[in-house]
Amino acid sequence: MKIDILARGAFTSALVHLQPGERFQSESSAMFRASSNIDIDVTTRPKGGAGGVLGGLKRLIAGDSFFLSTYTVDNGQAGEVGLSPTLQGEVRHVAVSRAAGWTCAGGSYLGSDAHLSLDLEFQGLKGLFSGERLFFVKVTGEGDLLVNAYGHITEVEVDGELIVDTGHVVAFESQLDYTLSKVAGSWVQSYLAGEGFVLHFKGHGKLLVQSHNPKEFGGLLGRHLPPRRS
Amino acid sequence: MQVTILGNPEYGELSVRLDPGETITTEAGAMSRMSPSLEMRSRVMGGVVSGLGRKLFGGESFFVAEYGGARGGQLSLSPGLPGTVCHQRISGDVLWLTAGSFLACTAGVTVRARFGGVKALFSGEGATLLRAEGEGDLWFNAYGAVVERELDGELTVDTGHVVAWEPSINYTIAGFGGLKSTFFSGEGLTMKFSGRGKVWLQSRNLPATGGWLSPFCVG
Numbered sequence: 001m002k003i004d005i006l007a008r009g010a011f012t013s014a015l016v017h018l019q020p021g022e023r024f025q026s027e028s029s030a031m032f033r034a035s036s037n038i039d040i041d042v043t044t045r046p047k048g049g050a051g052g053v054l055g056g057l058k059r060l061i062a063g064d065s066f067f068l069s070t071y072t073v074d075n076g077q078a079g080e081v082g083l084s085p086t087l088q089g090e091v092r093h094v095a096v097s098r099a100a101g102w103t104c105a106g107g108s109y110l111g112s113d114a115h116l117s118l119d120l121e122f123q124g125l126k127g128l129f130s131g132e133r134l135f136f137v138k139v140t141g142e143g144d145l146l147v148n149a150y151g152h153i154t155e156v157e158v159d160g161e162l163i164v165d166t167g168h169v170v171a172f173e174s175q176l177d178y179t180l181s182k183v184a185g186s187w188v189q190s191y192l193a194g195e196g197f198v199l200h201f202k203g204h205g206k207l208l209v210q211s212h213n214p215k216e217f218g219g220l221l222g223r224h225l226p227p228r229r230s
Numbered sequence: 001m002q003v004t005i006l007g008n009p010e011y012g013e014l015s016v017r018l019d020p021g022e023t024i025t026t027e028a029g030a031m032s033r034m035s036p037s038l039e040m041r042s043r044v045m046g047g048v049v050s051g052l053g054r055k056l057f058g059g060e061s062f063f064v065a066e067y068g069g070a071r072g073g074q075l076s077l078s079p080g081l082p083g084t085v086c087h088q089r090i091s092g093d094v095l096w097l098t099a100g101s102f103l104a105c106t107a108g109v110t111v112r113a114r115f116g117g118v119k120a121l122f123s124g125e126g127a128t129l130l131r132a133e134g135e136g137d138l139w140f141n142a143y144g145a146v147v148e149r150e151l152d153g154e155l156t157v158d159t160g161h162v163v164a165w166e167p168s169i170n171y172t173i174a175g176f177g178g179l180k181s182t183f184f185s186g187e188g189l190t191m192k193f194s195g196r197g198k199v200w201l202q203s204r205n206l207p208a209t210g211g212w213l214s215p216f217c218v219g
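These protein sequences, in sequence, are chains Y and H. Taking the working numbering, the leading residue of the first sequence gets 1, the next gets one more, and so forth. Taking the working numbering, the leading residue of the second sequence gets 1, the next gets one more, and so forth.
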């Protein structure tokens, strides 16, 4: 399996080259081109992870689409699948290993080697009240993972502690500890400063952050959209 | 203090290193990540009354956030809109900003919300303009790329594309041509700038993006 990251910057996409026997999966809406020998299987059951309707529902809540698509080649020849995220921003390739599993923020998961296991982590009731999509997709195993972001991605090597706004977290190595907290001493202060929940990371590991926050942009743009019909 | 602008032109953000005791003031919600050695406090900029004015009449937040700490630290700040981040040194002079363009400033700079009068009310940008003055550094952001014009004479600009201008420049609100062309050209109201000084414009227009997107918002 070989993955090319195309057009770095605001409009990145990925091209996955598959050999016979290899399987890649992505959120179902991500595929925008495929060679004619690609077989697409849509499922709610990722290999090794939470499957069935419940798994699909959990993924839906996590901000990813309900279904996952799995791609294989069907004629013994090499094939390719192009994947593009909905958000305007960067796509990054992450090598997941048995030594270092990765955790993706809800909407950041784009696709992965189908041999990797996906599991959802719910961030507790606090996550519900925060208005943020605090579901994480935990990726374990050995293989390729693709994440997408709104804006540019910066890789940060956490060594000690770091505070990150929940709207800017893309993915991180699972060995990092984190707690959901507020940025100021009091909730009132945090609210007034426009900073709701932050993740307080501790430990050593890689963290990918996105330059921009889709929720902030949505809030600004939303004022210029017609009211939602209920 | 060391501030670097990263990611221009499409996704500009600020990377800030604060020395012990230094502070930086930012638009509410702009912090994306920071060292735990820093503390945040919210405060009203330019007094309670103008803060209230901002809340009632402008798109700008009531409160701003101030970051600093006894040990210093590192933080990143990003605007809500994708686009270019600009830096301007203020030393005893004034800069006018449209509401929503303010990103951050150092301790010596004050940003006050000013009711722009009826003409600003019709500009589609909210009636509040921001007046930055004092001594220090100011960072502001645009939607899209920034077009910087050194003006000597007149310039007509769609109101949705105005970011900032120097106080030596006057402006009036008008349509492009008569009332008929205002309605049918798709151009909104315009600001007619005149004088000598600098004007900053943005290459994209948020109300226009919203207008284009609206037909696709179903349910």
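If you're looking for bench data, these hints aren't it; they were derived computationally from the structure. Careful, some of the hints might be misleading.
Unchecked claim - To give an idea of the interface, some chain Y residues facing chain H are shown, with a C-beta separation under 10 Å as derived from the structure:
#	residue
1	Ile40
2	Gly82
3	Thr86
4	Gln88
5	Val156
6	Ile163
7	Val164
8	Gly167
9	Tyr178
10	Val188
11	Gln189
12	Gln210
13	Ser211
14	Asn213
15	His224
Using N, Cα and C, we set each Cβ at its ideal position, and we do this for glycine too.
Legend entry - chain H contact restraint on Ser211/Y - CB to CB distance below 10 Å: holds (5 Å)
Legend entry - Restraint check, 10 Å cut-off on beta carbons, for Gln210/Y near chain H: holds (8 Å)
Legend entry - Interface hint for Ile40/Y, Cβ within 10 Å of any Cβ on chain H: Violated: closest Cβ of chain H sits about 26 Å from Ile40/Y, beyond 10 Å.
Inset, instruction - Using 10 Å as the Cβ threshold, decide whether Gln189/Y counts as touching chain H. - result: This hint holds: Gln189/Y lies near chain H, its Cβ roughly 5 Å from the closest one there, short of 10 Å.
Inset, instruction - Classify the hint on Val188/Y as holds or violated, based on whether any CB of chain H lies nearer than 10 Å to its CB. - result: holds (8 Å)
Legend entry - Per-residue hint verdict: Gln88/Y, partner chain H, C-beta under 10 Å: holds (7 Å)
Legend entry - Agreement of hint Gly82/Y with chain H interface, Cβ distance less than 10 Å: violated (22 Å)
Inset, instruction - Would you check whether His224/Y satisfies its interface hint, that is, whether its CB is within less than 10 Å of any CB in chain H? - result: At about 2 Å, which falls below the 10 Å cut-off, the nearest Cβ of chain H leaves the hint on His224/Y intact, so it holds.
Legend entry - Cut-off 10 Å, beta-carbon criterion: hint that Val156/Y touches chain H: Val156/Y check passes; min Cβ-Cβ to chain H is 7 Å, inside 10 Å.
Inset, instruction - For the hint on Thr86/Y, just tell me whether its beta-carbon gets within less than 10 Å of chain H. - result: With a closest approach of 13 Å, the Thr86/Y hint is violated.
Inset, instruction - For the hint on Val164/Y, just tell me whether its beta-carbon gets within less than 10 Å of chain H. - result: Because about 4 Å separates Val164/Y from the closest Cβ in chain H, which is inside the 10 Å limit, the hint holds.
Legend entry - Evaluation of the interface hint that places Tyr178/Y against chain H, nearest CB under 10 Å: Tyr178/Y check fails; min Cβ-Cβ to chain H is 12 Å, beyond 10 Å.
Checked against the numbered hints above, the structure violates hints 1, 2, 3 and 9; every other hint is satisfied.
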